[in-house]
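*Asks:* Residue-level listing of the chains:
There are 2 protein chains.
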Amino acid sequence: MTTRRPPQGVDAAGQGPLRRRLSPEARRAQLVRLGVDLVKVRPFDQLLLDEVIESAGISKGLLFHYFPTKRDFQLAVIAAVADELCSRVEPDRSLGLADQLRYGVDAYVAYIEEWPAGYTAIVRGAGSDDALLALFEQTRDALVDIVAAPLASRSTPVLRLLVRGWLASVEEATILWLRGTPRACERAELVDLLVRAGMALLPIIDEILEAEATP
Amino acid sequence: MTTRRPPQGVDAAGQGPLRRRLSPEARRAQLVRLGVDLVKVRPFDQLLLDEVIESAGISKGLLFHYFPTKRDFQLAVIAAVADELCSRVEPDRSLGLADQLRYGVDAYVAYIEEWPAGYTAIVRGAGSDDALLALFEQTRDALVDIVAAPLASRSTPVLRLLVRGWLASVEEATILWLRGTPRACERAELVDLLVRAGMALLPIIDEILEAEATP
Numbered sequence: 001m002t003t004r005r006p007p008q009g010v011d012a013a014g015q016g017p018l019r020r021r022l023s024p025e026a027r028r029a030q031l032v033r034l035g036v037d038l039v040k041v042r043p044f045d046q047l048l049l050d051e052v053i054e055s056a057g058i059s060k061g062l063l064f065h066y067f068p069t070k071r072d073f074q075l076a077v078i079a080a081v082a083d084e085l086c087s088r089v090e091p092d093r094s095l096g097l098a099d100q101l102r103y104g105v106d107a108y109v110a111y112i113e114e115w116p117a118g119y120t121a122i123v124r125g126a127g128s129d130d131a132l133l134a135l136f137e138q139t140r141d142a143l144v145d146i147v148a149a150p151l152a153s154r155s156t157p158v159l160r161l162l163v164r165g166w167l168a169s170v171e172e173a174t175i176l177w178l179r180g181t182p183r184a185c186e187r188a189e190l191v192d193l194l195v196r197a198g199m200a201l202l203p204i205i206d207e208i209l210e211a212e213a214t215p
Numbered sequence: 001m002t003t004r005r006p007p008q009g010v011d012a013a014g015q016g017p018l019r020r021r022l023s024p025e026a027r028r029a030q031l032v033r034l035g036v037d038l039v040k041v042r043p044f045d046q047l048l049l050d051e052v053i054e055s056a057g058i059s060k061g062l063l064f065h066y067f068p069t070k071r072d073f074q075l076a077v078i079a080a081v082a083d084e085l086c087s088r089v090e091p092d093r094s095l096g097l098a099d100q101l102r103y104g105v106d107a108y109v110a111y112i113e114e115w116p117a118g119y120t121a122i123v124r125g126a127g128s129d130d131a132l133l134a135l136f137e138q139t140r141d142a143l144v145d146i147v148a149a150p151l152a153s154r155s156t157p158v159l160r161l162l163v164r165g166w167l168a169s170v171e172e173a174t175i176l177w178l179r180g181t182p183r184a185c186e187r188a189e190l191v192d193l194l195v196r197a198g199m200a201l202l203p204i205i206d207e208i209l210e211a212e213a214t215p
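Chains as they are written, first to last, in our numbering: chain L, 1 to 215; chain C, 1 to 215.
These are calculated hints, taken from the structure and not from any lab test. Heads up, a few of these hints could be off.
Chain copies aren't distinguished; within one or between two, either way the pair holds.
[Claimed, not checked] Computed cross-link-like contacts, SDA-like style, restricted to lysine to any residue with a CA-CA straight-line distance of at most 25 Å:
1) Lys-70 x Leu-209
2) Lys-40 x Asp-129
3) Lys-40 x Leu-133
4) Lys-40 x Arg-196
Small disclaimer: the values here were computed from a predicted structure and weren't measured.
Please model the complete structure; the sequences and the hints are all you need to start from.
*Replies:* Given below as structure tokens:
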């Protein structure tokens with residue numbers, strides 16, 4: 001699971017220079033929040049520290065105190081994006097399974113739709129960076145946990161393969177759909193399609209769990 | 001579709017220095033073939049031109065005549081890998097649908113199994129390079145054509161979304177399976193799982209095609 005940091009002290013993020021004293025934890029969170037806002041409107045690799053410094057009203061030295069390198073800052077921003085995504089797709093657990101999936105897929109598509117170019121660039125470019133790849137692994141694992149929670153009391157390796165496969169199909173189809181001009185279908189149809197593709201796996205998952213329960 | 005070059009003149013590839021005269025087309029194919037062999041045993045970004053030059057028994061100048069930059073050579077090698085993959089997964093069209101899928105998935109898993117680290121590195125690292133990304137798009141489109149061929153006389157955009165999603169799930173699950181220590185299941189079980197996940201989409205695909213056929 002990725003850790004989810006409480007958004008303490010970030011309420012003023014993006015509202016112009018701030019020179020008031022913040023606790024180290026609050027300052028760090030504020031800087032990451034600014035980074036998340038920026039990464040959604042410009043390419044990830046063009047994330048400019050100067051812009052963050054100016055928005056936060058701090059010195060370059062203070063930024064480097066929290067994030068010794070630009071890479072450290074970028075990783076913290078991507079970790080925050082991953083946490084945000086996981087929070088958004090977490091469904092109300094009192095819903096039925098199909099509705100939980102629908103909620104999650106809908107939230108996921110909506111999240112990517114907010115910043116398609118940036119999101120796609122991060123996903124497709126992860127491979128060039130070991131730390132980023134590790135973060136992606138963690139995030140995918142966390143998403144599998146969210147999807148698998150109502151499926152089984154414990155998620156077995158084979159079940160996880162299948163769920164991660166489905167998650168990859170959701171991501172791929174969503175990225176492709178966003179790039180389509182014109183789009184292949186309405187947003188609601190895409191979500192419906194992906195939910196049905198997930199529900200179609202249930203008989204296979206039931207069989208896996210049954211086979212594994214049999215000694 | 002990616003173009004598939006005939007493997008003319010590549011029979012002697014990898015069998016030590018060759019100094020005989022080859023036609024330009026055969027020489028180019030030989031060099032690419034050497035690159036494909038090398039990329040399967042070492043990381044893609046460490047593909048050394050010196051090694052290719054030595055194996056082919058040619059001068060650096062001649063290599064640069066065919067491939068002006070290292071990047072050109074790398075792209076030609078990846079294009080050849082993509083063609084090889086597409087050829088391998090093309091099933092016997094006289095088989096039933098499930099058997100066509102099984103043949104393709106089995107061949108795909110076997111292909112990645114040949115060089116898991118290298119394959120994964122290429123797939124995960126594509127995003128950092130526009131030309132490589134374009135090549136991946138073409139390859140994925142070619143794979144969708146192969147899978148969709150027996151499904152419908154014409155592949156509609158929504159059908160393609162679903163098939164590409166499934167292909168992404170096959171890739172993701174296979175990469176995850178290969179990394180597992182111990183592996184989550186036997187090879188045959190993985191293939192079976194992925195084929196069944198594909199077959200489970202058929203009712204959804206039928207509905208899409210019916211809905212689209214209705215004016």
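*Asks:* Each of the hints needs a verdict: does it hold here or not?
*Replies:* Hints and how they fare:
1. Taking identical chains as interchangeable, the C-alpha atoms of Lys-70 and Leu-209 are never at most 25 Å apart, the minima being 45 Å within one chain and 49 Å between chains.
2. With identical chains, the CA atoms of Lys-40 and Asp-129 are at most 25 Å apart both within one copy (20 Å) and between copies (20 Å).
3. Within a single copy, Lys-40 and Leu-133 get their C-alpha atoms as close as 20 Å, and across copies as close as 21 Å, so both meet the 25 Å cut-off.
4. Proximity of Lys-40 and Arg-196 under a CA criterion of 25 Å is satisfied in neither setting, with 30 Å inside one chain copy and 38 Å between copies.
When held up to the earlier numbered hints, the structure conflicts with 1, 4 and fits the remainder.
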